[in-house]
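**Q** Listed here are the chains, written in short residue letters.
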Amino acid sequence: MINNIGTELKRGVLTENPIFVLALGLCPSLGVSTSVSNGLGMGLASTFVLIGSNIIISLLKKVIPEQVRIPAYIIVIASFVTIVQMVMQAYLPALYTSLGIFIPLIVVNCIILGRAEAFASKNNVINSAIDGLVMGLGFTVALVVLSTIREILGANKLLGLEFIPGFKPMTIFILAPGGFFTIAFVVGLINFFKMKKEQK
Amino acid sequence: MKTTIQLTATLTVIATVAGLSIGATYLRTSDIINQQKTQQLNSALESLFPDGVEISQDSLIRSDNSVLPFWTAKQPNKGEGNLVGFAFESGGRGYSSTIRYLAAISADNKIIGMTVLSQEETPGLGTRVMETVSKATFWNGLFAKREKTEPWFQSQFRNISVLNPIGISKKAEWHTLSKDQKAELLSKNEVTAITGATITTKAITDAITTESKTVSEINEFLASKKGGLQ
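Chains as they are written, first to last, in the working numbering: chain A, 1 to 200; chain B, 201 to 430.
These are calculated hints, taken from the structure and not from any lab test. For glycine and all other residues, C-beta sits at the position ideal for the given N, C-alpha and C. Please note that a few of the clues may not be correct.
[Claimed, not checked] Calculated Cβ distances over 10 Å to all of chain B for the following chain A residues:
hint: 1; residue: Val21
hint: 2; residue: Gly41
hint: 3; residue: Met86
hint: 4; residue: Ala90
hint: 5; residue: Phe192
[To be verified] Heads up, simulated BS3-like pairs for lysine-lysine below, C-alpha to C-alpha not over 30 Å straight-line:
hint: 6; chain 1: B; residue 1: Lys371; chain 2: B; residue 2: Lys402
hint: 7; chain 1: B; residue 1: Lys237; chain 2: B; residue 2: Lys202
hint: 8; chain 1: A; residue 1: Lys157; chain 2: A; residue 2: Lys62
hint: 9; chain 1: A; residue 1: Lys168; chain 2: B; residue 2: Lys370
hint: 10; chain 1: A; residue 1: Lys168; chain 2: B; residue 2: Lys371
hint: 11; chain 1: B; residue 1: Lys202; chain 2: A; residue 2: Lys62
hint: 12; chain 1: B; residue 1: Lys274; chain 2: A; residue 2: Lys122
Given these sequences and hints, build the entire structure.
**A** Printed below as a string of structure tokens:
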């Protein structure tokens, strides 16, 4: 299993990237990829929740009947996220102030439900945890890529600091339309290189 | 029939266990969370008033029978006329969220300071109420220690009178103005708008203007309390 980590990582970040390839979790991606610190925060918080929910769903896969699995998953994930939010707010206030605003958004992130349905309900606990980790990291990488482009073009900033002195930013890139443009452009670029590779 | 009951039962058990665990976590954490919220509010209050004042909580019953909590700041060991000012929490409807803020008002009805506690305005536009001005760029400032400065939008409210309506100037943003231009704005009781976020700006100035009633109510309450003690 351990020597597979490299291929698993490649699967999460490149070949099955949640945003760019699976097109999962696009709404939160549009919403939070306005600055690199937000993108990174959302990515890391989602990774944590994804690992946790994959582990729980994988443990419960024999208990949950096939016919009612979706409502069962939603209950489990929403409760897990709520508990994490309360524990974090009480015992890790510093972390909560930077990541807390993203946690309620994670409940409605379809990546979590998507991975529970497509992976954790069919695989063992360790593999599900690894799937959560690599998918979460893939989501984080994608968000950082998107938010870097949007923060530089839309606010002329990177990590909250001025990027090119005197450059007048195009505010549209930080608004929702700019999010669509950026995602479309990056996905297009990825597909272009993929097709080129296949032709060879 | 049997499967229906079985499915219902399983889902019920899952939902009950989930509900109970959330409840148990809430019971364990709610006190600590409340303590932390009070702490945050206290540090926000301390940052508004000058150093070394004594801040105490008070409350009054308003004309519509609602309770208004507020905080008074007093200069310690000064006897009569030691009131520095008072602070209250309020909110206004912005472009996409309710903007909650804390305002500190001096004894002569001017804003000592205001700080936005929570807002979810448009990124890049309305959220700039929290923007701080820094000369550092990405290339030289990334690893430098970042100073904690007050957001420029909130700074410009200092010494604005709350009893007169607060005007909005759209010519240029406050942080680009010279000292004289800032003084001129202050004499007109005006603040500058955030470019492209006039609704957010207006939400805050309107909210504070509306609160002039609250300010006079607190003033009356404090005056009557002082009279009662004499």
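**Q** Now, for every hint given, state plainly whether the structure supports it.
**A** Checked hints:
no. : hint                 : in the structure
1   : Val21                : 26 Å, holds
2   : Gly41                : 13 Å, holds
3   : Met86                : 5 Å, violated
4   : Ala90                : 4 Å, violated
5   : Phe192               : 29 Å, holds
6   : Lys371/B to Lys402/B : 15 Å, holds
7   : Lys237/B to Lys202/B : 50 Å, violated
8   : Lys157/A to Lys62/A  : 49 Å, violated
9   : Lys168/A to Lys370/B : 18 Å, holds
10  : Lys168/A to Lys371/B : 17 Å, holds
11  : Lys202/B to Lys62/A  : 19 Å, holds
12  : Lys274/B to Lys122/A : 65 Å, violated
Against the hints set out earlier in the document, violations occur for numbers 3, 4, 7, 8 and 12.
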